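Numbered according to this note's numbering, the sequence shown spans residues 1 to 99.
Do not rely on the hints blindly, as some may be mistaken.
[Unchecked claim] Derived lysine to aspartate or glutamate pairs resembling DMTMM-like cross-links, with alpha carbons at most 25 Å apart: (1) K71 <-> E10; (2) K71 <-> E55; (3) K71 <-> E22.
If you are wondering where the hints come from, they were derived from the structure by calculation, not from laboratory data.
Predicted model, so just to flag it, every value in this text is computed and none were measured.
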Amino acid sequence: MNHRPAGGIEIFPATAGWATDEDGIRVQGRSAEGPFTVLITRAGLAALVGRDRCELSAPMAWTLFERFSAKIAALIEREHAARPASSIRIDYADVERVG
Numbered sequence: 001m002n003h004r005p006a007g008g009i010e011i012f013p014a015t016a017g018w019a020t021d022e023d024g025i026r027v028q029g030r031s032a033e034g035p036f037t038v039l040i041t042r043a044g045l046a047a048l049v050g051r052d053r054c055e056l057s058a059p060m061a062w063t064l065f066e067r068f069s070a071k072i073a074a075l076i077e078r079e080h081a082a083r084p085a086s087s088i089r090i091d092y093a094d095v096e097r098v099g
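Let the hints inform the model, and build the full structure from the sequences given.
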């Protein structure tokens, strides 16, 4: 199921894959401006539950990605609205700003 936050972007969870080189999950999205790629780092996923990156295994990161998909979609929407780009990176600090 795709996620479409209020701002008009669409996230395609079925495209999600582990980005070993970036230590996070990469997922595709689309907006009125065109397609984009999002990387949410393991640290960003850990921030969703108030943990440190080193406390989060890759399988647990996947579980959090699935469990917090609506919140992640809202984070992506916020980041895309702030600075539209073809590549968006969401890290610990980005999640902390939202709370």
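Hints versus structure:
At most 25 Å may separate the alpha-carbon atoms for a hinted pair to count; K71 and E10 meet this at roughly 14 Å. At most 25 Å may separate the alpha-carbon atoms for a hinted pair to count; K71 and E55 meet this at roughly 21 Å. Taking the CA atoms of K71 and E22, the gap is about 21 Å. The hint holds against a cut of 25 Å.
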